[in-house]
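Trainee: Residue-level listing of the chains:
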Amino acid sequence: MTDVHIIGAGIHAFGRTPEMSGLDQGVFAVREALADAGLAWSDIQFAFGGSAAAGNADAALPRLGLTGVQFINISNGCATGGSSLLSGYWAIKSGEFDLGIVLGFDKHPRGAFNADPEASGLPRWYGETGMMLTTQFFAMKIRRYMDLYGISDTSLGRVAVKAFENGSRTPHAWRREPVGLQVVMNGDMVSDPLTKYMFCSPAEGGVALILASDKKMRELGLSGPKVRGAAVRTRPRGSFEVFAPSLDVERGVAPTVLASNAAYEMAGVAPSDISVAQIQDTESGAEIMHMAENGFCADGDQERMLAEGVTSLGGALPINTDGGCLACGEPIGASGLRQVYENVQQLRGRAEGRQVDNAKLGYSQVYGAPGLSAVAILEA
Amino acid sequence: MTVAVAEGLFVEKPDGPHLIGGRRKADGEMKFPMPTGPEAALYDPVELAAEGKLWSYTVQRFRPKTPPYIGADDDKTFKPFTVGYVEFPGQVICEGRILVEDSSILKIGLPMRVALETFPTSTRGEVTTYAFRPA
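Just so you know, the protein sequences line up as chains A and B, in that order. Sequential numbering of the first sequence, starting at 85, is according to this note's numbering. Sequential numbering of the second sequence, starting at 1196, is according to this note's numbering.
In short, the hints are calculated from the structure, not lab data. Errors might be hidden in some of the hints.
Unchecked claim - Pair ranges (Cβ atoms, derived):
no.: 1; chain 1: B; residue 1: P1262; chain 2: A; residue 2: L232; range: 33 to 41 Å
no.: 2; chain 1: B; residue 1: K1208; chain 2: A; residue 2: G195; range: 38 to 46 Å
no.: 3; chain 1: A; residue 1: K299; chain 2: B; residue 2: A1221; range: 44 to 52 Å
no.: 4; chain 1: B; residue 1: R1328; chain 2: A; residue 2: N198; range: 24 to 32 Å
no.: 5; chain 1: A; residue 1: L232; chain 2: B; residue 2: T1231; range: 50 to 58 Å
no.: 6; chain 1: B; residue 1: D1269; chain 2: A; residue 2: P102; range: 23 to 31 Å
no.: 7; chain 1: B; residue 1: D1269; chain 2: A; residue 2: N345; range: 29 to 37 Å
no.: 8; chain 1: A; residue 1: R194; chain 2: B; residue 2: P1209; range: 22 to 30 Å
no.: 9; chain 1: B; residue 1: S1298; chain 2: A; residue 2: G195; range: 19 to 27 Å
no.: 10; chain 1: B; residue 1: A1221; chain 2: A; residue 2: R100; range: 45 to 53 Å
no.: 11; chain 1: B; residue 1: A1199; chain 2: A; residue 2: N198; range: 25 to 33 Å
no.: 12; chain 1: A; residue 1: K280; chain 2: B; residue 2: E1202; range: 37 to 45 Å
no.: 13; chain 1: B; residue 1: T1313; chain 2: A; residue 2: P102; range: 19 to 27 Å
Claimed, not checked - Below, in silico cross-link-like pairs of lysine-lysine (DSSO-like), each with a Cα-Cα straight-line distance of 27 Å or less:
no.: 14; chain 1: B; residue 1: K1208; chain 2: B; residue 2: K1226
no.: 15; chain 1: A; residue 1: K225; chain 2: B; residue 2: K1260
no.: 16; chain 1: B; residue 1: K1226; chain 2: A; residue 2: K225
no.: 17; chain 1: A; residue 1: K280; chain 2: B; residue 2: K1208
no.: 18; chain 1: B; residue 1: K1226; chain 2: B; residue 2: K1271
Just so you know, even glycine gets a beta-carbon here, dropped at the ideal spot from N, CA and C.
Okay, chain A solo, but in the shape it has when bound (with noise of 0.2 Å):
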């Protein structure tokens, strides 16, 4: 079977962009993925597209061309860029296609994301009684694991700074200053113990991956990183996830642990291969517990490698080298493609002023509701 290529790649910067619809940005994206591999719409043979809150991706065609192309519309959750990535590479897997595009973008109001109790399957009085909030979740995951692997405050709050720090050295992040420890500990509290900078925001971006088979790619004297492995997983028994009014006394695994396991052995590499890495930091937190998930490292272990700066940029194992959701925010469609958008830069020797030297392995993790969670690994 055939290897797949990431042949171009093209980003809408992420954060507020009063004047573009989300419809814009993605649709711009795929323009800057087109001309990075000196490629016309009318080459592209399929596409998969996602967005949450601005409309189907497929109100793009319009604009690009009418060209007949098969366009599918994705929606998954939290991990519909990452669902888009693995649909297009099982769509050249296949051997049907050997040229298409994968795209994302979005555009959420201020503020906490909306809950509809009846949409997730939930009792009402769940959400009327102020307890269908993803913020509650998150800081009750970590709450829970800070206590079970002796993770101090200190910890979410290193997280939070070297996402600022990496963000400000990123074109198309968000937040581009850097914040200081002690400024991000006495920030407001939203929930405990989890302060204002340590939570991402709903955002604005559009992210997309031109996708081409080894032949496909030699034919139009390109390059670009392979595939190695992708997966989406969903939530095991036993798992703790946002919206639960219980939880098993049994406790199990991760849908990232699932997720995480399938893309290693797909590609034939362990987590001490990797490079560098993006997994989902909705909230310090996540990024703490994701490590872990995703094999980075032993529970606990996260307390030491923030405070020795492992996974800060020149560390060895850098992580969201682009500041990640923290600094980037969170626009749910393309928030997924966005990592693996960094990856491609890395591994491609890029990313200026945020580079890793000699990257040969990039992994990406997206996680989020309702409990899903998509792993990429690609290889320079």
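Dock chain B against chain A, hints included.
Mentor: Same frame as chain A, but now just chain B:
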């Protein structure tokens, strides 16, 4: 006593209120609340223990969005409240509001009891909901 926020969430007994969960007939998996609608036929209702242990907690510092939140407060009058999970050993871990003056006294593992709380709403007047308090 005011009307309950929903039917079948809890029952009052001489030793205090108890939550009502559901045990799936097929495999014994327990849930709270007891499922309703067609799913209910697959579960037996189970009265949970009156006391459990704090599993995790946080403080809700901003007023949740309406909808779905129906608290009678507004952004100006909102007072932060504590929420958390309590593990009823051998049964299930349940989420609820926590009645505590000072959340800094909470610790994972702290014994907690089911309590009832009057919850003023903007749509239905005062309702009674379940909550937890340190035992």
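Trainee: For every hint, state whether the structure bears it out.
Mentor: Comparing the hints with the structure gives:
{"no.": "1", "hint": "B/P1262 <-> A/L232: 33 to 41 Å", "in the structure": "35 Å, holds"}
{"no.": "2", "hint": "B/K1208 <-> A/G195: 38 to 46 Å", "in the structure": "41 Å, holds"}
{"no.": "3", "hint": "A/K299 <-> B/A1221: 44 to 52 Å", "in the structure": "50 Å, holds"}
{"no.": "4", "hint": "B/R1328 <-> A/N198: 24 to 32 Å", "in the structure": "31 Å, holds"}
{"no.": "5", "hint": "A/L232 <-> B/T1231: 50 to 58 Å", "in the structure": "34 Å, violated"}
{"no.": "6", "hint": "B/D1269 <-> A/P102: 23 to 31 Å", "in the structure": "27 Å, holds"}
{"no.": "7", "hint": "B/D1269 <-> A/N345: 29 to 37 Å", "in the structure": "47 Å, violated"}
{"no.": "8", "hint": "A/R194 <-> B/P1209: 22 to 30 Å", "in the structure": "50 Å, violated"}
{"no.": "9", "hint": "B/S1298 <-> A/G195: 19 to 27 Å", "in the structure": "23 Å, holds"}
{"no.": "10", "hint": "B/A1221 <-> A/R100: 45 to 53 Å", "in the structure": "49 Å, holds"}
{"no.": "11", "hint": "B/A1199 <-> A/N198: 25 to 33 Å", "in the structure": "26 Å, holds"}
{"no.": "12", "hint": "A/K280 <-> B/E1202: 37 to 45 Å", "in the structure": "38 Å, holds"}
{"no.": "13", "hint": "B/T1313 <-> A/P102: 19 to 27 Å", "in the structure": "44 Å, violated"}
{"no.": "14", "hint": "B/K1208 <-> B/K1226", "in the structure": "21 Å, holds"}
{"no.": "15", "hint": "A/K225 <-> B/K1260", "in the structure": "21 Å, holds"}
{"no.": "16", "hint": "B/K1226 <-> A/K225", "in the structure": "19 Å, holds"}
{"no.": "17", "hint": "A/K280 <-> B/K1208", "in the structure": "42 Å, violated"}
{"no.": "18", "hint": "B/K1226 <-> B/K1271", "in the structure": "36 Å, violated"}
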